[in-house]
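Trainee: Fit chain B to the supplied structure of chain A, relying on the hints for placement.
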Amino acid sequence: SNCFILLLSVVFLGVSTQPITDGRLFSIAVGRVQHLHLLAQRLFSDFESSLQSEEQRQLNKIFLQDFCNSDYIITPVDKHETQRSSVLKLLSISYRLVESWEFPSRSLSGGSAPRIQISPKLSELKTGILLLIKANQDGADLFPDSSALQLAPYGNYYQSLGADESLRRTYELLACFKKDMHKVETYLTVAKCRLSPEANCTL
Amino acid sequence: MRNVFEVMLLLLLLLLPLVTAHAGGQPNSPPGKPVLTSCRSPEKETFTCWWKPGSDGGLSTKHSLFYRKESSDAVHECPDYRTAGENSCFFNKNNTAIWVNYNITVVATNSLGSAYSDPVEVDVVYIVQPNPPENVTVSVMEDKGWPFLRVSWEPPRKADTRSGWITLVYELRVKLKEEDDWETHLAGQQKMFNILSLPSGGEYQVEVRCRPDHGFWSEWSSTSKANVPHHFRRDNSTWILMTVFFAFTFLIVAWLLHLNRHNLKRCILPPVPGPKIKGFDKKLLKSGKSNEIFSALVVPDYPSTPSSNYEDLLVDYLEVYVPTERELQLEESKDPHDDRLKSDSSTSDSDSGRGSCDSHTLLVDKEAKEEARQAECGQTRTEVQRSLKDWDALTYAQIDMVGRDVPSGRVKTWPSLYSPLPRHSSGPLDQQSSLQMAKQHSLSTSSFLAQEASGESYWDVCSHGELPRPLRAKTPPHRGLRARSDADVSGAGLKRAPAGPRSLAPHTSEYVEVQRVNNKDVVLLQPVVTGCYQALPGEVYSKVKRVDSDNILLLQREAREEDGYPGAEQENTTQKASACVYAAVLVQDQMAPMVNGYVDTATMCTLTC
Chain A
1 SNCFILLLSV VFLGVSTQPI TDGRLFSIAV GRVQHLHLLA QRLFSDFESS
51 LQSEEQRQLN KIFLQDFCNS DYIITPVDKH ETQRSSVLKL LSISYRLVES
101 WEFPSRSLSG GSAPRIQISP KLSELKTGIL LLIKANQDGA DLFPDSSALQ
151 LAPYGNYYQS LGADESLRRT YELLACFKKD MHKVETYLTV AKCRLSPEAN
201 CTL
Chain B
1 MRNVFEVMLL LLLLLLPLVT AHAGGQPNSP PGKPVLTSCR SPEKETFTCW
51 WKPGSDGGLS TKHSLFYRKE SSDAVHECPD YRTAGENSCF FNKNNTAIWV
101 NYNITVVATN SLGSAYSDPV EVDVVYIVQP NPPENVTVSV MEDKGWPFLR
151 VSWEPPRKAD TRSGWITLVY ELRVKLKEED DWETHLAGQQ KMFNILSLPS
201 GGEYQVEVRC RPDHGFWSEW SSTSKANVPH HFRRDNSTWI LMTVFFAFTF
251 LIVAWLLHLN RHNLKRCILP PVPGPKIKGF DKKLLKSGKS NEIFSALVVP
301 DYPSTPSSNY EDLLVDYLEV YVPTERELQL EESKDPHDDR LKSDSSTSDS
351 DSGRGSCDSH TLLVDKEAKE EARQAECGQT RTEVQRSLKD WDALTYAQID
401 MVGRDVPSGR VKTWPSLYSP LPRHSSGPLD QQSSLQMAKQ HSLSTSSFLA
451 QEASGESYWD VCSHGELPRP LRAKTPPHRG LRARSDADVS GAGLKRAPAG
501 PRSLAPHTSE YVEVQRVNNK DVVLLQPVVT GCYQALPGEV YSKVKRVDSD
551 NILLLQREAR EEDGYPGAEQ ENTTQKASAC VYAAVLVQDQ MAPMVNGYVD
601 TATMCTLTC
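So the protein sequences, as listed, match chains A and B.
As numbered in the working numbering, residues 1 to 203 make up the first sequence, in order.
As numbered in the working numbering, residues 1 to 609 make up the second sequence, in order.
It should be emphasised that the hints constitute simulated quantities derived from the structure, not laboratory data.
Ideal Cβ placement from N, Cα and C applies to all residues, glycine included.
No incorrect hints appear here.
To list a few chain A residues with every Cβ distance to chain B over 10 Å, as calculated:
| no. | residue |
| --- | --- |
| 1 | Asn2 |
| 2 | Asp46 |
| 3 | Phe47 |
| 4 | Ser85 |
| 5 | Gln137 |
Dumping the calculated BS3-like pairs for lysine-lysine here, alpha-carbon to alpha-carbon at most 25 Å:
| no. | chain 1 | residue 1 | chain 2 | residue 2 |
| --- | --- | --- | --- | --- |
| 6 | B | Lys33 | B | Lys52 |
| 7 | B | Lys93 | B | Lys158 |
| 8 | B | Lys69 | B | Lys33 |
| 9 | A | Lys79 | A | Lys126 |
| 10 | A | Lys79 | B | Lys158 |
| 11 | B | Lys52 | B | Lys62 |
| 12 | B | Lys175 | B | Lys144 |
| 13 | A | Lys79 | B | Lys69 |
| 14 | B | Lys265 | B | Lys276 |
| 15 | A | Lys89 | B | Lys93 |
| 16 | B | Lys93 | B | Lys69 |
| 17 | B | Lys93 | A | Lys79 |
Isolated chain A, as found in the complex (with noise of 0.2 Å):
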């Protein structure tokens, strides 16, 4: 958060959207994206080797992941479509799935790192890159605040359920967690590559 905190005040002196800034703040954002999804695979694999050998056969039959909670967010789902959206709309993007998990997170225990929250982690996320679309942000306002006021249709649909059904609402959460961090991931990485003026981004 101090490392934030520092990039705010660098970027309201007045900078305006300049490419260097953007690529640190890029690889900061990319940076936190990839540490929460080595927490949200961690936390996945926990849970799964905390299962009965049962419980594991049944999971895939059984608890199948039709549901996440982020469903209502188009996003795109292949490389092509992901080429061919703009660096804005992939940052708003994942603006709105950090932001749709900030509250579900808090059910997200750490597991075998009790510790390690996430939900302040995806706070921080959430204010990187809405740094990054400020400064991405030029002329049209691609950026519809309606939306992010919008809430999660299905915002309680994980405290909803019965006690029950626990297990198979955890199992879903963590994988669904796992699965936005990851199309979060790539698209900040697809977006930082292409503002990067090096050829070769990935370096």
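Mentor: Same frame as chain A, now just chain B:
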């Protein structure tokens, strides 16, 4: 007729399958269950699934793959069975969706039935396994004389790293051609790597592989080879090893030397042998004939008194009360004379060893000491006359230097500043004394101190109140010998020698040598050092009768005279003595019983002087 033929043919045809079936031995059955082995995507844009068919049940079996995307109930069939080879299904870009769960099933069908495999959930994002890196080049380069390998490669053609769609990390491994074990290095996202640690020259083989940040490792690329010239590898670690080794060796050698330092000291710095006394025979000393030894040393005309007075000259010295310990064989092997002379080196002349008036040393017989010789430290001494008959009987007497409170017989003698106390085995005090035995001690503080450093003396250093080498007399205590000779006996009011250490320091270290004993059995003393030396006509020895309360030594002739003229004698002695005596002898109140005229000289005054 032809009809029968046709019927038979028809029957045969009908029965043929049965026959063949029986010949095959297997009944037809529905196919076995196929198994989906793996699904892989090389670039996160397409993917392929492979399965393994079960038994075909003897009939031709057809396999087909069906999939269902998440959030949709529509079932689709595999679009491409051929591209990826046998028993595979290839999903092209149009049919591949990322972050979407595919539910895939394979069905095996034959004429008798069908079998379904277990469904598999696949998300393309997590099944990425790229192709190996391409264009792996290895070149040998040099850095400050040491060769190293530079490896460079390119990502697999299909993986789109440029747009950031897929991020790859690389790993390479290297080994010598003849080795078996590879050495792996992680290269991160870079496409070039330097291998610096080359153990030796030869042909090196390098391989590279890659992996997306969330996926599987690719296969190893094809081997690239490079020839490295031979070089001698010497780096810091060699120097460090050598330094440590030498330091360790040095420590061990130093430790061994330290353990053997005594031996080495003896070897390198042998003890300096003292000067030999002309005419002195060590063997005689060992044989124990003290008389003979000293007779060899005696200058004929010394002393000059007639031999009729020989026996009269015997002076009994202090009654020495010695403990039985025999460990004071300190200088058993040493030449007492040598020691004496050595210790006297500063002030004595290296004559035959007889105690001349000039010499500051006096060969003291312990027996003589035992004979009520008063031992003084740094004070005038009465002449001591002792018997050298039994040298072996001489032991070192440890004279108590502390004070009167020494109960047991510990006579400590002082170092051979005076003169060494020859060893004395337990034997009777020999009253006989030869002229040669009469020695006088003279002591000077300076020499005294100097002697102390010799360390080889028989006598303890008394002036310092320390007993560096306490000498235990070997004579048994039953002999009733007690010597109370104090280290510091100095008369009150007498002139004191300077520079003496305090406490038990002898205030004066001047001795008086007995000049003679006149016919009245008076001992004439004369100081040795200063100009008190007087050439008296004759030198006689006298026995100390007793010491009175005035701390005056009363001498008498042996068994001849009672204190006939104690007063006169006293005066005489005191007169003479006081002129030259620097210190007086304090006599302990308790005096040993006089045996044969032995005077038990009390402990020294030290503190009271």
